[in-house]
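S.K.: Counting along the sequence shown from 1, when you hit position 314 you're at 314 in full-length UniProt numbering, and nothing is skipped either side.
It should be emphasised that the hints constitute simulated quantities derived from the structure, not laboratory data.
Quick caveat, the model's predicted, so the values are computed rather than measured.
Each residue gets a CB set at the ideal place from its N, CA and C atoms; glycine is no exception.
Please note that a few of the clues may not be correct.
As the list claims (entries may be wrong) - Here are the computed distance ranges between Cβ atoms for each label pair:
1. Gly473 / Arg624: 27 to 37 Å
2. Ala279 / Tyr331: 39 to 49 Å
3. Ala292 / Lys90: 35 to 45 Å
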Amino acid sequence: MDLTALRTANPDHWNKAAAIRALALDAVAAANSGHTGMPIGMADVATVLFEKHLKFDVAAPQWPDRDRFILSAGHGSMLIYSLLYLCGDKQVTLDQIKNFRQMGALTAGHPENFLLDAVETTTGPLGQGISNAVGFAMAEEMQRAQYGRKIVDHHTYVIAGDGCLMEGISQEAIGLAGRHSLGKLIVLWDNNNITIDGTVELSDRTNQVQRFRASGWQVIEIDGHDPVAIDEALTAAKKSKKPSMIACKTHIALGHAAQDTSKGHGALTDADQMAAAKAAYGWTTGPFEVPADIKSQWEAIGARGATERAAWDARFAEVSQQKQDRFNRAYALDAPKKLSATIKALKKQVSEQQPKVATRKASEMALEVINPIMHETVGGSADLTGSNNTKTGDLGVFDTDNRKGRYVYWGIREHGMAAAMNGMVLHGGIRAYGGTFFCFTDYARPAMRLAALSKIPTVFVMTHDSIGVGEDGPTHQPVEHLAICRATPNTYVFRPADAVEAAEAWEVALTEKDTPSVMTLTRQNLPTLRTEHKLSNLTSKGAYVLAEAEGKRQAILIATGSEVSLAMDAKAKLEAEGIGTRVVSMPCMELFAAQDEAYRRKVLPAGPVRVGIEAAMRAGGWDRWLMGERGQDKKAGFIGMDRFGASAPAGELFEKFGITAEATVVKVKDLLG
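Can you make the complete structure from the sequences, with help from the hints?
M.R.: Below is the structure:
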């Protein structure tokens, strides 16, 4: 490619883009790791986007009405770090660029939303960013309908690569965006035809242009190194009522010896080749040096949005105080003051009426009183609305003709749903929850993991939580999934025993700001166990004494969810034989682990034999509570699963696999000797 012609055709643009390319080369070489080729290849696109289209103020990176920029191809992180440094971001200093990928640096190998205010979402696992972006765009539509265009009116821009579009989740995202006519969503495809293994043709022959068009998108094809064409395409995209994909034909590692090869994907560190590439760019300064005139031009781009932000501040001040307060509260992730009293009232009602309901129904009962007072909640289901019980009557359905709707029919897209919900939460001002069967966490897991990593309070409603699913059989019976979820850092896994615990779990989930929650809920009906109304939220402690031993305490039964009632039945049988038995309900192991040691020892004192009861595998944290945190309590057992389930009525399955009160009694007596 004739770089001289590109340089001379538009020298001002070229020099600004060359600054990105030079910084990417220097930072990756200094780290001796990273991905140089993509930042070099997309420098022209990014320069035009930031200079002429992106609405942002570098001094206020979290201004609510900014345009969102998402680097879905997160391996090319030096692109966004270079842009932020050049624009004058206070967090991304030159020292941060020099310490790219080093311990303690904000410039991690892939962009992390919790490290830098200007990074909208953690990306790196390909396909996640473009899928998050669908949630960002949906959130913008919802909030624009709720607060008005004067307060909410912005775009979501995505840079995605060939790898993002190969990942299966991308089709879930693309289909959703097209279905909902998300015209404020603009994807810039880095069409360089290169993957790590070689050219795209090694593994794929998809016509991406036809694919996007078939999914309801506007598609514009351009030369990704022509600033005029890039500008015109972005201008046209912003006018469309459809989501837009701009296919930017680019050269990976442009101007480098590795251009248009798979080697260009990774770290380009050869000193001679770097020098040759910089010479081709006309870049004559030393490593990490940006000429003052070019840096000042970039800083002017970073400050360009200050006027627009000030105008927004003035408009926001003109809306009613009530609307301002609601907006600010939602963006701060603060629950309304009414939430606590509302949950207490529901708990009192449940304790008095003592319904026998499945906890999926109990969850719906909680949502029916929560959603009317929390206007920021957005619910949904992956084609299981009637089974997940996630839709309440006041929500309305989000659609092209009802942007105020707060319920989303996600279709059979567990992964896309989870990622888009993350995007909604990351956008700000929304608390998203969505449901599927617990066994389908296998499909949603990458996005669930990123919610935990990103420190956001997305709520994943997972019903049909055990062999209690019954006749659907082992494919739908999640015996290992509790262990998998509990093994994930920064995740609250709730398994409520009744409608009181379900309400308490929702209160915790909707007041949390940094941790996602997994609500694991039964299909089968369960009795109300918390028949004495208590104002305090016992579920927030993770575990508590549900029933104390009547005589000398000899055994402690620790159970979760549907098995807590089984533990209560076993307690009655053991007490009848003179064996004093305490029952501990443990709706959330993670919250119990977070309590101080004195409380944990009070709930689980040393001495009595311990038996855990859960219709799932023992893995995933049980041994800590059964054997004692110091390993001193050796007499412990577990009633649960050690294999996959079977297809039969639920009651027969619990008998078949020995998850019964009778089996619990036998286990306790064996341990007592």
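S.K.: Sort out which numbered hints this structure fails and list those numbers smallest first.
M.R.: 3
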